[in-house]
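Once you have looked at the hints, place chain B on chain A.
There are 2 protein chains.
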Amino acid sequence: MAVGLIEPDSLMPVKGIRLSAVVAGIKKNKTNDLVLIELAEASQCAAVFTKNKFCAAPVNLAKANLASAATRYLLINSGNANAGTGEQGMRDARQSCQAVAAHAACDAAQILPFSTGVIGQNLPVEKIEKALPEAFAQLAEDSWLIAGRGIMTTDTRLKGISRQLQLQERTVTVTGISKGAGMIQPDMATMLSYIATDAAISNELLQDCLQEIVDVSFNSITVDSDTSTNDACVLMATGQAGNEIIVEKNDDYIALYNVLREVSLYLAQAIIRDAEGATKFITLEVKSAATTAEARQVAYTVAHSPLVKTALFASDPNWGRILAAVGRAGVDFELEKIRIYLGDVCIVSNGGRDPAYTEEQGQQIMNQAEILIRIELETGKQSARIWTSDLSYDYVKINAEYRS
Amino acid sequence: MAVGLIEPDSLMPVKGIRLSAVVAGIKKNKTNDLVLIELAEASQCAAVFTKNKFCAAPVNLAKANLASAATRYLLINSGNANAGTGEQGMRDARQSCQAVAAHAACDAAQILPFSTGVIGQNLPVEKIEKALPEAFAQLAEDSWLIAGRGIMTTDTRLKGISRQLQLQERTVTVTGISKGAGMIQPDMATMLSYIATDAAISNELLQDCLQEIVDVSFNSITVDSDTSTNDACVLMATGQAGNEIIVEKNDDYIALYNVLREVSLYLAQAIIRDAEGATKFITLEVKSAATTAEARQVAYTVAHSPLVKTALFASDPNWGRILAAVGRAGVDFELEKIRIYLGDVCIVSNGGRDPAYTEEQGQQIMNQAEILIRIELETGKQSARIWTSDLSYDYVKINAEYRS
Chain A
7 MAVGLIEPDS
17 LMPVKGIRLS
27 AVVAGIKKNK
37 TNDLVLIELA
47 EASQCAAVFT
57 KNKFCAAPVN
67 LAKANLASAA
77 TRYLLINSGN
87 ANAGTGEQGM
97 RDARQSCQAV
107 AAHAACDAAQ
117 ILPFSTGVIG
127 QNLPVEKIEK
137 ALPEAFAQLA
147 EDSWLIAGRG
157 IMTTDTRLKG
167 ISRQLQLQER
177 TVTVTGISKG
187 AGMIQPDMAT
197 MLSYIATDAA
207 ISNELLQDCL
217 QEIVDVSFNS
227 ITVDSDTSTN
237 DACVLMATGQ
247 AGNEIIVEKN
257 DDYIALYNVL
267 REVSLYLAQA
277 IIRDAEGATK
287 FITLEVKSAA
297 TTAEARQVAY
307 TVAHSPLVKT
317 ALFASDPNWG
327 RILAAVGRAG
337 VDFELEKIRI
347 YLGDVCIVSN
357 GGRDPAYTEE
367 QGQQIMNQAE
377 ILIRIELETG
387 KQSARIWTSD
397 LSYDYVKINA
407 EYRS
Chain B
7 MAVGLIEPDS
17 LMPVKGIRLS
27 AVVAGIKKNK
37 TNDLVLIELA
47 EASQCAAVFT
57 KNKFCAAPVN
67 LAKANLASAA
77 TRYLLINSGN
87 ANAGTGEQGM
97 RDARQSCQAV
107 AAHAACDAAQ
117 ILPFSTGVIG
127 QNLPVEKIEK
137 ALPEAFAQLA
147 EDSWLIAGRG
157 IMTTDTRLKG
167 ISRQLQLQER
177 TVTVTGISKG
187 AGMIQPDMAT
197 MLSYIATDAA
207 ISNELLQDCL
217 QEIVDVSFNS
227 ITVDSDTSTN
237 DACVLMATGQ
247 AGNEIIVEKN
257 DDYIALYNVL
267 REVSLYLAQA
277 IIRDAEGATK
287 FITLEVKSAA
297 TTAEARQVAY
307 TVAHSPLVKT
317 ALFASDPNWG
327 RILAAVGRAG
337 VDFELEKIRI
347 YLGDVCIVSN
357 GGRDPAYTEE
367 QGQQIMNQAE
377 ILIRIELETG
387 KQSARIWTSD
397 LSYDYVKINA
407 EYRS
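Residue numbers (my numbering), protein chains in the order written: chain A, 7 to 410; chain B, 7 to 410.
Looking at chain A on its own, in the form it has when it is part of the complex (with noise of 0.2 Å):
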């Protein structure tokens, strides 16, 4: 199940964009399992990746690339993360990106791949090539919606989502799709998730952009602690909507940044609707903090607590469980000061329970399929807001039986 989440019925084409998804038969259940995103010529790209020093071999090949050449293609498998593979892995990445370059007649730096699925298997590669001439002839600009299906892997629905806004009286478009339902705690990009817009902005301002709307939207949601080896978020912008092309941090910017931040929240946040087994749907927020990083260690310790999100799974209001999690967080505080709040309930004031709280204030909350965890540190004036799932039997079910 997932958490109010529902797929959407079609996505915008962008501007100079084109997609298409189709059967290359990694995955076993012949799905379509590649996909191929075409940008125009002049196109600007930016992308952020996984800091876990495993990275995957199409994880470094993309950063080289992204850093030497112009982007013209995204290649992208999904029933095979070709991590944790050595050199035969960076081969086949390398392989992969020469037969996509040999077919569009441009230069292999010009493809950014990328993979995800079971890590320490061979990528299959020859299956790769086999089924490039099909993927090329299915290039459209409105196949978003096929290629947001050709990347889930234990997914169960569709992560998308277009907007659109004005621009010196041009329309823009921006659209995005993810995937990722497990593995993930992203540090500095998650999962996959690729979000493109057809508005003219410079490529330093492009790469500014998404790693702040990062930040605050695939940085900071967690499932399960884990970082995969192959998370990676890709921006880019055709320049195809007529816009003057934006060069510094004006309100064409801001407007643009804007949208954009709210297409990758709804992205990040669909991920954890749709994470493995969630029931539940929970924000985490840590207020009053002396720095952020201390408010979003608060966050991730309480967010991490297999008995905070199986209290959550049992929709008890067993705060205890918060309380004691908030408590070896590593972060100083004053026991009197600080509190924790259910929804809108007071749980924890004056180092003990709030004297106003009552069991059944905080069942009512603890019933509902989304919920909000508010601490107040009363240590400064910072604050986090980070987004997590519960934990289910369904999340060991899954993962249990994953490669069976």
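Think of the hints as simulated: they come from the structure by calculation, not from any bench. Among the hints, a few may not be true.
All copies of an identical chain are treated as equivalent in the list; a pair is satisfied when it fits inside any one copy or across any two copies.
[Unchecked claim] Here are the computed lysine-lysine pairs in the DSS-like style, where the Cα-Cα straight-line distance is at most 25 Å: (1) K57 x K343; (2) K36 x K57; (3) K69 x K387; (4) K36 x K136; (5) K21 x K255; (6) K343 x K36; (7) K343 x K293; (8) K133 x K69; (9) K59 x K69; (10) K387 x K136.
The structure presented is a predicted model; accordingly, all values stated were derived computationally and were not measured.
Just chain B, lined up with the frame of chain A:
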């Protein structure tokens, strides 16, 4: 189920220690929930406590009492943690100690109180007061098994062990009991553990010794990364074995230290073997690390990974999850040099799957109930070893249903 953990048939008395356990009615199921431990006069007592900021009222009071007077009694209740209870909690803990002191005609500061159970409910002191006459009447030297059972909460097995050694041709006995099955990542001390010896040893050395053995035993286990609000480990020495008092780290100290270390390691591992829902007992060994802290960081990152834990539950040699956890541990190393082993089987070398590794080898190790995961970082000469359990349906079940 408990992994390879057999309850002791008997535990040896320790001269100078008497124990009892009675039904005070704090637990709902009318089993023994109040334990009294008496130390003979002139006994030495050392303790380490949880570092959780929200530590329980009895923890605060026990610390203060231990520092101010010679301990004569430990009063331990299960079924209620007296944590998150603010000022009322401190009053309740004090009143419990005063009640014991009145019976024993000693000072209230000579009582150390301990509580374990649900967080956030007031301690029913009147029930404790009513049960105390019976608790005093039942005090006996041979009641270690009864006391061990009286401190259990979600434990499925009594955890206890006895060992003897010779010091200056005198027989010295060490007996210990512990409880704990969830909310387990001790930080400084753990759950509840009581170890007693009749050896004569100075208080200073006793505290030193406790800190050293706790670091390699109770502070090296984790079930779910949750540090309890009530963790405590107490080491008592009555001095009645007849050995000359140990006042320096001589051969006698080392002989006693080794036995105490063996006892605390057994008790710590017993907690993991009986961890909530555990079907596997996992040893994580990190070698050739730059610092012990880095070795522990890598070990704990793998031990806390829900994806690694569910793969272990499923007996799935999905070693990519181990590699991904090592990669996100935040410790620097060279991908090409690191090696990861399942048991004696090398799974990762040279940045990817070891060439000689086969899935059959991995499956054979994963089918076992006790599994060693070894990670060689090759960044220095330090190492660490910690113990953990897997993540099963039953962990979720036990913790989703704990209060219902």
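Any of the earlier hints contradicted here, and which numbers?
2, 3, 6 and 10
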